[in-house]
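Each protein sequence line maps, in turn, to chains Z and V.
All residue numbers for the first sequence refer to the working numbering, where the first residue is 255 and numbers rise by one.
All residue numbers for the second sequence refer to the working numbering, where the first residue is 1170 and numbers rise by one.
One or more of the hints may lead you astray.
Unchecked claim - Selected chain Z positions facing chain V (Cβ under 7 Å, derived; list incomplete):
id: 1; residue: M338
id: 2; residue: A348
id: 3; residue: T436
As the list claims (entries may be wrong) - With a straight-line cut-off of 25 Å between C-alpha atoms, the simulated PhoX-like cross-links for lysine-lysine are:
id: 4; chain 1: V; residue 1: K1279; chain 2: Z; residue 2: K326
id: 5; chain 1: V; residue 1: K1184; chain 2: V; residue 2: K1587
id: 6; chain 1: V; residue 1: K1184; chain 2: V; residue 2: K1625
id: 7; chain 1: V; residue 1: K1325; chain 2: V; residue 2: K1221
id: 8; chain 1: Z; residue 1: K326; chain 2: V; residue 2: K1284
id: 9; chain 1: V; residue 1: K1279; chain 2: V; residue 2: K1221
id: 10; chain 1: V; residue 1: K1221; chain 2: V; residue 2: K1184
id: 11; chain 1: Z; residue 1: K308; chain 2: V; residue 2: K1578
id: 12; chain 1: V; residue 1: K1625; chain 2: V; residue 2: K1221
Unchecked claim - Among chain V residues calculated to face chain Z with C-beta under 7 Å, some are:
id: 13; residue: A1281
id: 14; residue: P1371
id: 15; residue: R1374
id: 16; residue: Q1399
id: 17; residue: S1400
id: 18; residue: M1404
id: 19; residue: G1405
id: 20; residue: E1546
id: 21; residue: L1547
id: 22; residue: E1549
id: 23; residue: V1556
id: 24; residue: Y1564
Hints are computed from structural coordinates only; laboratory data are not their basis.
All C-beta atoms, glycine included, are put in the ideal place defined by N, C-alpha and C.
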Amino acid sequence: MTEILKHDQMGEAGAPVFGKGRRLRATEPRYMEVLDFLWEEAAILDRDDLIGWKAMLDEAIVYRMPVCVTRKRHSGESFETPTMHFDEDYLSIAFRIRRFVETQAWAADPPTRTRRFVTGVRVWAGETSDVFDVTSSLLLVRSTDDDYRTDILTAERFDRVRFLPDGRLLLRDRKIVADQTTIGTHNLAVFL
Amino acid sequence: MSTGAEESGAMPRLKDGTLVRDLFDHGKRQVQLRVHHDAEIFDLEMERIFAKSWLPVAHESEIPNPGDFVRRYMGQDSCLVVRGDDGGISVLLNACSHRGMALCREEKGKAANFKCPYHGWAFSKEGRFMAAPFEKQMYGDQLRRDADDLGLVTAKTGMLAGMVFANWDHEAESFQDYLGDFAWYLQAALERTNRGLEVVGPPQRHIMRANWKLLAEQLADGYHARALHQSAGDMGTLGHNPNDPASWGLIGINVSTPGGHTLRCIDMRLAYNFEGLSAEATAKERLTAIPPPGANPAMVGEFGQNLSDDQIALIADTPPLVMGLFPGTDFFTLMSVSGSEDGSHGPVMVARTWIPRAPDLFEMLTWILVEKDASEELREKTKRTTVRNFGISGYIEQDDAEAWQGIQKVVQGPIGRKLTGKYQAQIGIVKPDDFHGGGDVHAGFSRDDAQWAWWKRYAEVMSN
C-alpha cells in the first residue's frame, strides 16, 4: 500500500510542508482577506451557486478528503489513510458541477440545503509570497427534502490559498479531514 | 430466542399472525415491502442470515504483518480480523469472554495480544485465553483448567481475491461450496494475475437511511440505469444512444444461483467497437488491445497462467460487471468510465458490503481494489476514477442513494408498506452455446430473473 499521508503533507508528492511559515495574527490585513474569502466561499456554497464557487478555484487545485480510522493515542499512526472520499482536480470538480447544474442529477435535485460555519481560522505564510496555508474548522449542517432530521458533518480543512496580482484570492488546494470515520450522511453530493 | 417472529420448530410467524413465507408471492413474483420496515423481520434476519452467512470483513493487504488487525462488523457483531504469527488470518468476536466488554477500541492497529480494558484478561492473536491479572489470588487454578473454553468466539474464514470472508456458523457450508458456480466467474474477473489485487487502504464507510436489502437486491437490476442514472446519459458517460438498450449496458448475460448470488455480464462486443481489430482477433488479442478493468496490457500475458481459455473468453467478450454474493457482498469492475471534464476514461474496481444497523439504517463499506503489479499511473487512475464514480461521493452512486432512501420513506407508512416489489419480467434460462459459465444463465435484455433469484434465496432462508 502507498505511504500514509501525514497531517502536515498535502497536494502532490514532494509539495512543501504545510503550515510551517510565519503565522499571521488575526489583526493583519492579509489574515482578514483570507477570512473574508472563506466566509464568501461558504455563503456561495450555501446558496448552491456552484458556478460561482468554481470561479474561486485555482485550475491547479488538488481537492481531497481522506478516509480516517480511529487510532490509539500512542499508536504513532496517522488518523488519515490512503483511501479517499474525494480525490479531485479542477476538471473532475467541473464535471460534478455540470452534472448538478445541467443534468437530471437526483442526488441534487431538489437541491440539498446546507449551512456552513467556518471558525478557528489560522493562517501561515506559504511557500511563496502570494500563497498562504490556512486551517479552519467546518461545521456543515445538511437538510434534504422535508426531513426534520439534519446531517451534521464536522471537519478540519487544510487549505492553500493564492493571491492573484489583482488582489483576488483562489483556493489552490484543500484537504478535508472529517471527524467521523463513518460519515453520517447518505452521500457526498455536497462540497466541504 | 428474543425475537417474537421465531417459534421453535415451527415456521416463523410475525406478531400479526402472518407467516413469513407469505410475504412472498412466487407465482406473481412479488414481495411485500414491509420486509424493509418491520423490526421483527430485522431481528430474524440478524439470527438467520447475518449470524450464519459468509460476509466480507477485510482485504488481506490491509493487515500484511503478524499482529496487524482491523476491527469490522459482521451484521451487528463487532469482530477483529487479525494476522497471526504464522501468516494465517483469524476473525474473532470483539468481546471479552469474561464480562463481554469490547476488547479493542481502535479500528486498526498492531497488537502482540488483546487485553481487555475492563479487568485485563488477555487473549492471543488467534483468540486463545492467555492470562488474567491476579489470576491465582482471584481464581486459584480454575482459569487454567477452563482455559480452552475461555477463548474468544471465532468465525471460520475463506478468501477470494485476497478478500477475507468470515462466517460465525462453524456448521455452515464451506466457502468453496458457498461460492459454488460463481467461483469460476469471480476468479476470471478478480484472480487473473500472478500477484493479484490489493486495496488502496481501509474502506470508505458511510450511512444510508434505508433497509440493507434495498442495496442487496439492486445488484442485478440493470433496468434502473435508464431513469435513475439519466444524468450519466446527460453527461455522455452512459446511454450514448438513449433509446438503445445496449448503450445503457442493458444487453448482456445475467447469471443467478439458487444460493442467491447474482451477476451481470455486459456484452463488450456490443458496447465497444473493436476498431482496428479484425473480427477474427483472439480473446487475448482483444484483451491486449482493451485490457480489462485495472490491468495493464502487459499483464494480459499472465492471464493464461491463472485462467482457463473459457474464462479468458468470458472477460474478453462478456465481462462480469456487478458480482453479488448473497447476502451482502459485491464486486464491481467497470471498464471505462469518466468523471472528469478532460473526457479521459478509467476503470472502477470496488468491493462493497453493507452492515445492517436498524430496519431503516445501514452502513456501507467500499474498498478500492488495484492490481499489485499495475503501473503507478494505472493505479492512480483506478483510484481516482473509482472515487469519482462510486462510493460516498461517486456521482453514479449518489443517485442510487436517492432510490434506496426514497423507498424507505414510503414503507414508513402503513399503506405504503402494503405495496409489493414486482419482479415479473422474465427471460427464463437462456444460455448461448458459446457461453461456458455455470449457474442459471439469462442472456438477452437484462430482466428481473437474477433479482428474483436473490429474493427466492432470501425467502427460503427466512421462511423455513
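Results for each hint:
1. About 5 Å separates the beta-carbon of Z:M338 from the nearest beta-carbon of chain V, less than 7 Å, and the hint is met.
2. About 5 Å separates the beta-carbon of Z:A348 from the nearest beta-carbon of chain V, less than 7 Å, and the hint is met.
3. Given hint, Z:T436 at the interface with chain V, holds; its Cβ is 4 Å from that chain's nearest Cβ, closer than 7 Å.
4. Proximity of V:K1279 to Z:K326 is assessed by CA-CA distance (about 10 Å); at most 25 Å being required, the pair is judged to hold.
5. The suggested pairing of V:K1184 with V:K1587 holds, with an alpha-carbon distance near 16 Å, which does not exceed 25 Å.
6. A threshold of 25 Å between alpha carbons decides the hint, and for V:K1184 with V:K1625 the separation of about 23 Å falls inside it, so the pair holds.
7. Straight-line distance between C-alpha atoms of V:K1325 and V:K1221 comes to about 11 Å, which keeps the hinted pair within the 25 Å bound.
8. As the CA atoms of Z:K326 and V:K1284 are separated by approximately 14 Å, the hinted pair is consistent with the 25 Å bound.
9. Distance check on the hinted pair: V:K1279 and V:K1221 sit about 28 Å apart at the alpha-carbon level, beyond 25 Å; violated.
10. Of the pairs offered as hints, the one joining V:K1221 and V:K1184 holds, with about 24 Å between alpha carbons and a cut-off of 25 Å not exceeded.
11. Taking the CA atoms of Z:K308 and V:K1578, the gap is about 34 Å. The hint is violated against a cut of 25 Å.
12. At most 25 Å may separate the alpha-carbon atoms for a hinted pair to count; V:K1625 and V:K1221 meet this at roughly 17 Å.
13. A hinted interface residue such as V:A1281 counts as satisfied when its beta carbon comes closer than 7 Å to some beta carbon of chain Z; here the least separation is about 14 Å, so the hint is violated.
14. Checking V:P1371 against chain Z by beta carbon gives a least distance of about 5 Å; that is within 7 Å, so the hint holds.
15. Checking V:R1374 against chain Z: minimum C-beta separation of about 4 Å stays under 7 Å; hint holds.
16. Here the hint on V:Q1399 is kept, as its CB sits about 5 Å from the closest CB of chain Z, short of 7 Å.
17. At about 4 Å, the closest approach between the beta carbon of V:S1400 and any beta carbon in chain Z falls short of 7 Å, and the interface hint on this residue holds.
18. Interface hint at V:M1404: satisfied, since its Cβ lies 6 Å from the closest Cβ of chain Z, which is below the 7 Å cut-off.
19. This hint is violated: V:G1405 has a C-beta 10 Å from the nearest C-beta of chain Z, more than the 7 Å allowed.
20. Look at V:E1546: its Cβ only gets to about 13 Å from chain Z, farther than 7 Å, so that hint breaks.
21. Contact between V:L1547 and chain Z, as hinted, is not supported at the beta carbon level, the nearest pair being about 14 Å apart and thus beyond 7 Å.
22. Interface restraint check: V:E1549 against chain Z, minimum CB-CB distance 9 Å, threshold 7 Å, status violated.
23. For V:V1556, the shortest C-beta to C-beta distance to chain Z is roughly 4 Å, which falls under 7 Å, so the interface hint holds.
24. Taking 7 Å as the C-beta cut-off, the interface hint given for V:Y1564 holds, the closest approach to chain Z being about 6 Å.
In summary, the structure is inconsistent with hints 9, 11, 13, 19, 20, 21 and 22 from the numbered list given earlier, while agreeing with the others.
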